[in-house]
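Undergrad: Residue-level listing of the chains:
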Amino acid sequence: MPDVLLRKQIVSIEEIFHEGGPVAAKPPRRGTVLAVIRNPFAGRYVADIQPFMKDLEPLGAAMAQALVTALGGDPAAIEGYGKGAIVGEAGELEHGALWHQPGGYAMRGILNDAKAIVPSTKKVGGPGTRLDVPVTHINASYVRSHFDAIEVGVTDGPRADEIVLALVMTTGARVHNRAGGLAAAAIKGEDGLR
Amino acid sequence: MNAQIRKIVTVVEEVVSEMGQPVSPPTRRAAAMAVIANPFAGTYVEDLTPLIDTGAELGALLAARALAALGVPGDAVQSYGKAALVGENGELEHAAALLHPKLGAPLREALGGGAALVPSSKKRGGLGTVLDIPLGHKDAAFVRSHFDGMEVRINDAPRRDEIVVAVALTTGGRPLPRVGGLAVADIKGQDGLR
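Chains as they are written, first to last, in this note's numbering: chain A, 1 to 194; chain B, 1 to 194.
Simulated from the structure, these hints should not be mistaken for lab results.
Hints may contain errors.
Reference excerpt, derived from the structure (chain A facing chain B, CB under 8 angstroms, subset only) [to be verified]:
1) Asp3
2) Val4
3) Leu6
4) Arg7
5) Lys8
6) Ser12
7) Glu15
8) Ile16
9) Phe17
10) His18
11) Asp48
12) Ile49
13) Gln50
14) Glu92
15) His176
Only a predicted model underlies this, so the values are computations on that prediction, with no experimental measurement involved.
Glycine is no exception: its CB is placed at the ideal position from the N, C-alpha and C atoms.
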């Protein structure tokens, strides 16, 4: 089984006070954690890549924990999440898909078995490529106030034989959300959708 | 607080390996950025005192945020830098007013000292403009292992009437320094240079 070789990890937190409207009583926070790892399949076609998902599980768990810690340490404060991957040029998009299971379940595990699917995105790109990671409510995907996205990227990654793995979380809705739709207070919380 | 802050962003980067070589201890650096309203956007104002005073406030605030993000006491910081990015309706001199007269003193206070000049950069630009914050050793500017820079970027700032003000702090120099010059162990620490 290939080792997970980590080159760097980046944690970023945004605290949003306003966006031209009233200053928020409790400013929402948006956080990201990025890991730049070596792609064990770079430069060649490998048919059976699924064992690497298991290898990524400890890293996923550590990243989710680091992000919750950076957002204040209380998993109950997390309301939105998302994940993504940027595969360096010697890899293929399918390698990014290996992040779905370890990344998603790591967040669900720390967030009390959150019910909603973790929205995700992925691409192949060079160093400095930006990725817009989608964000939705952790228990009900249709909560309109929590539809969001966070742009991430690493100046010097991914190199050709690397993958950037991303997890993102938010502590609340868009700062001036007022576009209606399903409200977080009206979630039934049974099917992960509403 | 005199400054009208829209958001605060922190980033922590930890490098654990480089070119396959372990980096031990990992290098860690943080940037803290405030997106503030530019009170002088769109007009020429001779007296920039309000921005100079805001610089002092932000020196304390951003140093505290960067230290908190690194999770270390002030005296663990080895190098520092500062930078400002002015939105298109402002002028470069606004960045200078924020950075140069008063930002450094509260920053040094938070670190328990800092004999060296705080290296700085400034520019004017639109949303998502990249800002490179120069880094140098806080007690001796000639320490070659700590010559560095940290790239930061906020996708939705600065709006034209805003300014991004940034402070970067590190707990070490480059990941694998080996180009010689003055070493940390040989710092005299009297003149801020050597």
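Undergrad: Confirm or reject each hint.
TA: Against the structure, the hints come out as follows:
1. Asp3: violated (11 angstroms)
2. Val4: Cβ of valine 4 of chain A sits 11 angstroms from chain B, so the hint is violated.
3. Leu6: holds (5 angstroms)
4. Arg7: holds (5 angstroms)
5. Lys8: holds (4 angstroms)
6. Ser12: This interface hint holds because 4 angstroms falls under the 8 angstroms limit.
7. Glu15: holds (5 angstroms)
8. Ile16: holds (5 angstroms)
9. Phe17: Holds. Min distance 6 angstroms.
10. His18: Nearest chain B Cβ about 6 angstroms off; hint holds.
11. Asp48: This hint is violated: aspartate 48 of chain A lies away from chain B, its Cβ roughly 25 angstroms from the closest one there, beyond 8 angstroms.
12. Ile49: Violated - the Cβ of isoleucine 49 of chain A stays beyond 8 angstroms from chain B, reaching only about 22 angstroms at its closest.
13. Gln50: violated (25 angstroms)
14. Glu92: violated (22 angstroms)
15. His176: This hint is violated: histidine 176 of chain A lies away from chain B, its Cβ roughly 12 angstroms from the closest one there, beyond 8 angstroms.
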